[in-house]
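J.: Residues per chain are reported as follows:
Protein chains: 6
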Amino acid sequence: MKTFPYPMLNPPPFRWHRDEKVTEPKVHEWIHPLNIDGTSPFADDIDVAILGVPLSRSSISSSAASETPDAFRRAWRSFNPYHLEEEIDLTPLRVADFGDVRQHVTDISQCHSNIREAMASFRKHLPQTLPITIGGDHSITAMLVQGWKEAHPSERIGLLQLDTHYDLRPLEEFGPANGTPIRNLIESGTLRGSDVWNIGLHGFFNSRSLKKYADQVGVNGITLKEARKKGVPATIRHALSQLEKEVDTIYLTLDMDVLDLSSAPGTPAGMPGGMRTEELLEAMLIAGNHPKVKAMDIVCLDPRKDVGSVTVFTAVYAMLNFLVGVIKRGAA
Amino acid sequence: MKTFPYPMLNPPPFRWHRDEKVTEPKVHEWIHPLNIDGTSPFADDIDVAILGVPLSRSSISSSAASETPDAFRRAWRSFNPYHLEEEIDLTPLRVADFGDVRQHVTDISQCHSNIREAMASFRKHLPQTLPITIGGDHSITAMLVQGWKEAHPSERIGLLQLDTHYDLRPLEEFGPANGTPIRNLIESGTLRGSDVWNIGLHGFFNSRSLKKYADQVGVNGITLKEARKKGVPATIRHALSQLEKEVDTIYLTLDMDVLDLSSAPGTPAGMPGGMRTEELLEAMLIAGNHPKVKAMDIVCLDPRKDVGSVTVFTAVYAMLNFLVGVIKRGAA
Amino acid sequence: MKTFPYPMLNPPPFRWHRDEKVTEPKVHEWIHPLNIDGTSPFADDIDVAILGVPLSRSSISSSAASETPDAFRRAWRSFNPYHLEEEIDLTPLRVADFGDVRQHVTDISQCHSNIREAMASFRKHLPQTLPITIGGDHSITAMLVQGWKEAHPSERIGLLQLDTHYDLRPLEEFGPANGTPIRNLIESGTLRGSDVWNIGLHGFFNSRSLKKYADQVGVNGITLKEARKKGVPATIRHALSQLEKEVDTIYLTLDMDVLDLSSAPGTPAGMPGGMRTEELLEAMLIAGNHPKVKAMDIVCLDPRKDVGSVTVFTAVYAMLNFLVGVIKRGAA
Amino acid sequence: MKTFPYPMLNPPPFRWHRDEKVTEPKVHEWIHPLNIDGTSPFADDIDVAILGVPLSRSSISSSAASETPDAFRRAWRSFNPYHLEEEIDLTPLRVADFGDVRQHVTDISQCHSNIREAMASFRKHLPQTLPITIGGDHSITAMLVQGWKEAHPSERIGLLQLDTHYDLRPLEEFGPANGTPIRNLIESGTLRGSDVWNIGLHGFFNSRSLKKYADQVGVNGITLKEARKKGVPATIRHALSQLEKEVDTIYLTLDMDVLDLSSAPGTPAGMPGGMRTEELLEAMLIAGNHPKVKAMDIVCLDPRKDVGSVTVFTAVYAMLNFLVGVIKRGAA
Amino acid sequence: MKTFPYPMLNPPPFRWHRDEKVTEPKVHEWIHPLNIDGTSPFADDIDVAILGVPLSRSSISSSAASETPDAFRRAWRSFNPYHLEEEIDLTPLRVADFGDVRQHVTDISQCHSNIREAMASFRKHLPQTLPITIGGDHSITAMLVQGWKEAHPSERIGLLQLDTHYDLRPLEEFGPANGTPIRNLIESGTLRGSDVWNIGLHGFFNSRSLKKYADQVGVNGITLKEARKKGVPATIRHALSQLEKEVDTIYLTLDMDVLDLSSAPGTPAGMPGGMRTEELLEAMLIAGNHPKVKAMDIVCLDPRKDVGSVTVFTAVYAMLNFLVGVIKRGAA
Amino acid sequence: MKTFPYPMLNPPPFRWHRDEKVTEPKVHEWIHPLNIDGTSPFADDIDVAILGVPLSRSSISSSAASETPDAFRRAWRSFNPYHLEEEIDLTPLRVADFGDVRQHVTDISQCHSNIREAMASFRKHLPQTLPITIGGDHSITAMLVQGWKEAHPSERIGLLQLDTHYDLRPLEEFGPANGTPIRNLIESGTLRGSDVWNIGLHGFFNSRSLKKYADQVGVNGITLKEARKKGVPATIRHALSQLEKEVDTIYLTLDMDVLDLSSAPGTPAGMPGGMRTEELLEAMLIAGNHPKVKAMDIVCLDPRKDVGSVTVFTAVYAMLNFLVGVIKRGAA
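Chains as they are written, first to last, in the numbering used here: chain V, 1 to 332; chain E, 1001 to 1332; chain U, 2001 to 2332; chain W, 3001 to 3332; chain P, 4001 to 4332; chain X, 5001 to 5332.
Next up, chain V with everything else stripped away, as it sits in the complex:
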């Protein structure tokens, strides 16, 4: 049995007590942290791996998104791994919590290379495992996708992005910040602009020049208004059906600020006029169900700005809905 002594991983900072006699676990009793010795509780048969990336120093605006991985681990205690409407029990999925990618206090570049390396090494060791990353700010998506590409250089990767923003700002001004990841991926040749589908853009939160750049590089930016014409679910299905023709792997990135600020107050850059919770939850079911969606991240959630944990709960709900989609792939 392998151990996972990845040098760039810290173990989960705390673990819930697991009552061995419990027959019907709650989410915190079902998702297994790695063993203390670095081995997996499922040997190598891990279906899904959760990685925390507690980095928000690279956020343009002040953000405590670095506290999100722990906020997730606390919040999922309030969830049951059984989805009533779908009549799906998630517990057959072997989900392991690998802890957090190691971060440095003052060297963001080191943080970023740890993230890239974590994903690359992860793909190499556990190619059958679907990684879910809990950010962190959006800068990490560039690193995660680059890490994936490093492990699978011949794969063509597409991106399904749920976001209020393009995240296409110029790198020369911001560096690898949370406003630039998609541009970073395009300009580094990791993926093509036309393989990016961004759903949820609206209003006054992207400059004209970003729109121009997006059009030039072929990014498929679907505004919320457009998406609602046929419905957000159908729009997601459409984007997936377009992507699946072109790419080997679809990477799903969920920026929590795609949601309306009144539904998701805990985001650094959230704004009114965004997506409704129910639209997001449905989108996650659909995306999780697509066989080419092989990795996912959730970013830009600031638990300190949250009100009554509603944004954290929504994000956990979104992740679990995604897993319902995943488990139904087999059944489909």
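To be clear, the hints were calculated from the coordinates, so they are not data collected in a lab.
No experiment lies behind these values; they were computed from the predicted model shown.
Just so you know, nobody snuck in bad clues.
Derived lysine to aspartate or glutamate pairs resembling EDC-like cross-links, with alpha carbons at most 16 Å apart: (1) 1211/E - 89/V; (2) 5225/X - 4085/P; (3) 3021/W - 1037/E; (4) 2021/U - 5037/X; (5) 212/V - 2087/U; (6) 4225/P - 3282/W; (7) 1305/E - 4067/P; (8) 4225/P - 3087/W; (9) 3225/W - 5085/X; (10) 4212/P - 3086/W; (11) 4212/P - 3085/W; (12) 1225/E - 86/V; (13) 2212/U - 1085/E; (14) 2328/U - 2087/U; (15) 4292/P - 4248/P; (16) 5225/X - 4087/P; (17) 4021/P - 37/V; (18) 2212/U - 1087/E; (19) 212/V - 2086/U.
Ranges between beta-carbon positions, derived for each pair: (20) 1151/E - 291/V: 56 to 64 Å; (21) 5038/X - 3242/W: 52 to 60 Å; (22) 18/V - 5150/X: 51 to 59 Å; (23) 1125/E - 4110/P: 30 to 38 Å; (24) 2170/U - 3038/W: 24 to 32 Å; (25) 1091/E - 3038/W: 24 to 32 Å; (26) 4189/P - 1173/E: 33 to 41 Å; (27) 3017/W - 1113/E: 21 to 29 Å; (28) 18/V - 2229/U: 48 to 56 Å; (29) 5023/X - 3153/W: 36 to 44 Å.
Even glycine gets a Cβ: it sits at the ideal position worked out from N, Cα and C.
Starting from the known structure of chain V, fit chains E, U, W, P and X onto it as the hints suggest.
T.: Using the frame of chain V, we list chains E, U, W, P and X on its own:
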């Protein structure tokens, strides 16, 4: 004229000043507390009675739902008893506030028997009066329905429940807590599982075994997704039309956590992905209008968790919409 | 070049640094405060003027709406003057911030006459400029429309009001408060009741006698439920098409409490059951696009009650959407 | 038995239920609202009268001090009328709650004349009764003292003020606002500058010109630093001993912003560096015990800014400590 | 080696990751939860045991004190086990976290008997270990002291109580609630009134009859004002020196509402005018250092009411200061 | 006249309107931002320069201290430049706001070198000007002092630090973060350990090894308990009198977490048991008055965590008190 010296009732803890010259009262000037001497301001001709049940010691999670009856009495000062859209003036309804069922600090069993007895005695003395109970946590519903059954042993009672949860957890583990009332009612023979319609269930907040139990005992669990297919209002109408064929009395229980957490932050177990306020308000109009709906409660509202009183205001609005339905019964 | 030494105006209390090298300004770099010497940065060619009216002493309930003009000036820094969905760049519009109408601490009547006079003098000096007023409480609308009327005595003015309330309370009881402006306008002969379209009324927040009065004077009160039957956008279009037949000028007044309290917690009298943010934003696009809509105000926003600035952001978004409508008038 | 149909008084907006069997009342069961018919529960033998003045339209900064009288009536339910350290039972004092002075929504001048007239009429009808006024903002103090003077034109009145500010701003700029009451009293000849003792001034919250004016008119401004040299209690005693030589009546006015902002967050203009709660509470015991202190007010408390009601509780505690001083006068 | 399969204990709900290579642990790495198999990490040589008692159903006012044990376990991560001023390293103390006493949702009597039994069984198995209990509400103190008495029937027990309240309310009215524990202990003969020293009483928060009862049974009630005359530390020393002459064991109970509400907002019944944090911290050092102080609890802390965790941090600080006193006993 | 086109400075992001007719300015009208063209409003005769350093990416715990410079500029509008107790008018001091040191989103090292260079260049151009820096987190102090040293290589610099923490953590682990600045300064040879006086240390917030290191390098760590023995003011005087014998320049660094958390909730690492506001304010007066104190910074204030702006107001108050000390130097 009767007095109402029910030994298990405390008078309302405070009363608003009523300006006798006011011709167009606000809600707090229209709903009459009992007189100081225990007599009713309407003699025995009381259409609707409001009972507070300030009990939340029986809540699984920490809850200040015991403060809700008083929060209601403060909040209804912000409402006018005239419903603009329906062009309905509620003031012809004689509504009396009977105060609160007496609670004990350390003896939950005594609290529960007071609640049961209050409802039973209430039904015996005032059989023409529709009781509306302001909880408290959901444990009280079991007591209220049992009290009703005690007064009307031959009646078959159905339940219309608006809830994110089944509330069917095993009694042997929790006792008569806020997670068990419906099971309590079924297992005590107070009502049949198939006479329960629960609308609003969703996501990851009920275990697989509860779903299994619900199916075994025939509970009609309608998820929010299903309900939205034809619309929440039509779903409510359907449930009522099914219930009316079977039962003598329909008891409506509204657990405020049926609402989306971002709309109703003041609930101990609220979650994202729930019902929208407008769906609930419409549901209450419909339920209030059905002639077999003879009692109603509102539970699991925690005013301390609330943000800007939005949950309390929504609950008062829901109660008043219910009364609009009631007053329109005559007109129908 | 004119200067604008209106004696009743204070300059904007602060001004953002404007980097002259920036080619793609943010909203706070695009909207120009008047120059220190009272001249306009655009000479007399001002398309849109923004006036703050920091008055909330005239509010029935306690309100910090007097802090809204400054809250706007801070919040618009988070917006880009490019509307992605409409592909509209607002920067060709010459928008000047004229600062705030001077208020008195203890003489509300003086405050009101300053507001009236500011609008009248404004119309006389800059008849080509569309004024947008940031309140303040709703009492100011009566003053603003009267000021307009004073400058254009022969014009017939219509009112498009988005509000949960009629604001038709009797003047003899309240004086020119935030509950009475529309009655004030009708009874002073400034406009006809039948030229008022109020969209968004709902529930228990207007008395029966107000409804009766509204009907008597012919106010067109469209409840939210009615509006949603064909959709809020279509309802707005209908109201505009009716108004345009009758009046010369349509004045748009947006009371932020028209929104659902959970979407807009920062209003003194907001209630659940109101309009959704997306409905409002769409309405503003439509209203801004109508050539007869020549003035607009936003009132009854209390930034101190706000949660995470969501209400302030929504109001700024609404104002900018209105301007998108305005700039598209030319194109249409 | 007299009735008190003062045309400028509204009855208390709500009254607590009083259980006649209770032998040891809480504060809310001891302080009697006037009877519904306007008679006093104690006939004319009223020791202390409480008047609410829900006015904060005259506040320079935005304030919800108008909500303080009701906040007091709710908060005193958490107090027992027995002072443990002093072993004093307050219940022998006959304390009546006279309700609130009637206010107008838009006519501050009318509000102010109601306040003045209420105090004058009050003094004429009930000269043996000590009035305690719960504001409202500090503008009301000028009106209350002028009302007193109107009833007792030959009395020389002194002022003991606990405040971070002089409240001596020029009337011609602000009118009778909360920054000007003491200047108002001096310039109207109601009292002499040298009969004002203001204790608690500190730091950067009064302009140089105010200090100059204060010195010119002889106001005794004792800074907190000076007061602490011998202790706040001794300083209060000193001020009283100086005042008693000169004046017939000492009026005590407590501006809650004299307290440190971290102890009293619920004040519109509170600042760090102020008085500690324990210093204030001791001061109130001393002031209440002086036989020439014949009236008192508490102003500038904004319950909406409060955190966990700490400022409201402190103010109620201060008022009750004052009454302990009053009841000990007899014993002394 | 013993195991500790106490049937009435649940293990700590979560455990922090412990990096075995760390040479200088933080508090959460130093305090050891019991091993999964119920054995102690220190075999039987446990100096201090921490027990959580997550019970607040027995609180008179609504309280989330049941969440305090977990709040402690999260908060102590922010502390270092080295006390700088005392130059004391706590890590030589073997401190084990035994988890929480099992509670029942609806049977408070069962909860209480579990607590009593836990302490009794604890004393029998581990007589050398000093137990520190984290409540929960104050009702648990009666149970804990009775459990101690059951294990050591011949011991005379004294109580050092830091509290704003007597907690001597009549049992027949409230049952074993958080207002009655000391009366419960006296009337059950567990301890004598004259062996109770309560320090911190003040103001208007105890009725006259409680004071009378306290005097009758000889409780030593030291008000805060008295205590400050010689200083709180000296008063604590005095109380200990009086107690040590009479009793075998001194039980320390800290009700967090002894603190001023502005310092400790997270208490259900806190009030202004209470103890300062620095006074409490000094008191804990002294009490911990007394050889007869053999058990301690901290109660009535409501983490949901807390502001920025200040009350939780203060309570953890108090507990650690107590342990500094304990470790210095040996040195003395 | 010089201009100040320091390439690493951004101008203040906003400027208050300055009414030229005002004879008695408020603080925001007295402190002058640089002119738009980079010249100083006072030519080269600047007494005090304010520099913002909006950097908190280098903070160990999540912090929005980067928002503090702007929070200062907003908050000082609530202050008057006249200190009542000291009878000192600050307006003769020529204070210029130089704006903010330019920061990079993802390159902390670049941020730090900008800060260092800004101070060095500043000292070279304006050697007569006293710089006050508003952080930012504590990492900036290392850069600022190194910048000073670069400009004045032969000066011996001492540090007067007000802090709960040593900030002596090892650089190899954290890099130049907010836990390491003093160690950075010592190990880089910028200053000697024995020239550091740190006042305010307490409790459990520094590890044993840090204490050991501090002792080894001779840092003078004065705990709060020690400081209070003769009083904080006398302790400050003592430290200054020791430092003045050894060093040429004393640099004052104020970490806001030196204050008790209940007085200063807006700090990332604040704890109970800290300094009282009044102690800090007095300390600032004294430090400002010492002729060798030639530079000052205020760090680790997180305005997002603040409650009612109390921490921001306290920090502005502290800065102004420091300036009162400065202006009194001449007089002394």
